[in-house]
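Please construct the entire structure, taking both the sequences and the accompanying hints into account.
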Amino acid sequence: MHGEYKVPGGKLVVVDVDVEDGVLRRARVAGDFFLEPDEALDAVNRALDGAPADTDAAGLAARI
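Letter by letter, the sequence shown follows residues 86 to 149 of our numbering.
If you're looking for bench data, these hints aren't it; they were derived computationally from the structure. In this text, all values refer to a predicted model and were calculated from it rather than measured experimentally. A few of these clues could be false.
What the hints assert, rightly or not - So the derived label-pair ranges between C-beta atoms look like this:
| hint | residue 1 | residue 2 | range |
| --- | --- | --- | --- |
| 1 | G135 | G94 | 14 to 24 Å |
| 2 | V99 | T140 | 16 to 26 Å |
| 3 | G94 | A138 | 13 to 23 Å |
| 4 | V99 | D141 | 17 to 27 Å |
| 5 | G94 | D139 | 31 to 41 Å |
| 6 | M86 | A146 | 12 to 22 Å |
| 7 | P93 | A115 | 15 to 25 Å |
| 8 | P93 | G135 | 30 to 40 Å |
For glycine and all other residues, C-beta sits at the position ideal for the given N, C-alpha and C.
Below is the structure:
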């Protein structure tokens, strides 16, 4: 799956993720934003990996 969200007048967030057997795999968050420390983005991607595909936004936020 591929999704993009651009805040009007703001930053772009892009997410690519595969779904296998109802589970998120290989999540990749990218965009024109800064995140510190540099390792934080890798941690976000790892946190999403393995989540059930039907997890709501609050559940995904809790994993991150």
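Quick check on a hinted range of 12 to 22 Å for M86 and A146, using CB atoms only. Holds - the Cβ-Cβ distance for M86 and A146, about 18 Å, lies within 12 to 22 Å.
Given a hint of 30 to 40 Å, does the C-beta separation of P93 and G135 actually sit inside it? holds (33 Å)
Quick one: are G135 and G94 within 14 to 24 Å, going by C-beta? violated (35 Å)
Status of the given 13 to 23 Å range, CB of A138 versus CB of G94: violated (32 Å)
Within 31 to 41 Å: is that where the Cβ-Cβ distance between G94 and D139 falls? holds (32 Å)
Between V99 and T140, does the beta-carbon spacing fit 16 to 26 Å? holds (19 Å)
CB-CB spacing for D141 and V99 relative to the 17 to 27 Å hint: Hint holds: Cβ distance 20 Å, inside 17 to 27 Å.
The hint says 15 to 25 Å between P93 and A115; measuring C-beta to C-beta, is that right? Check passed, 20 Å falls within 15 to 25 Å.
In summary, the numbered hints that this structure violates are 1, 3.
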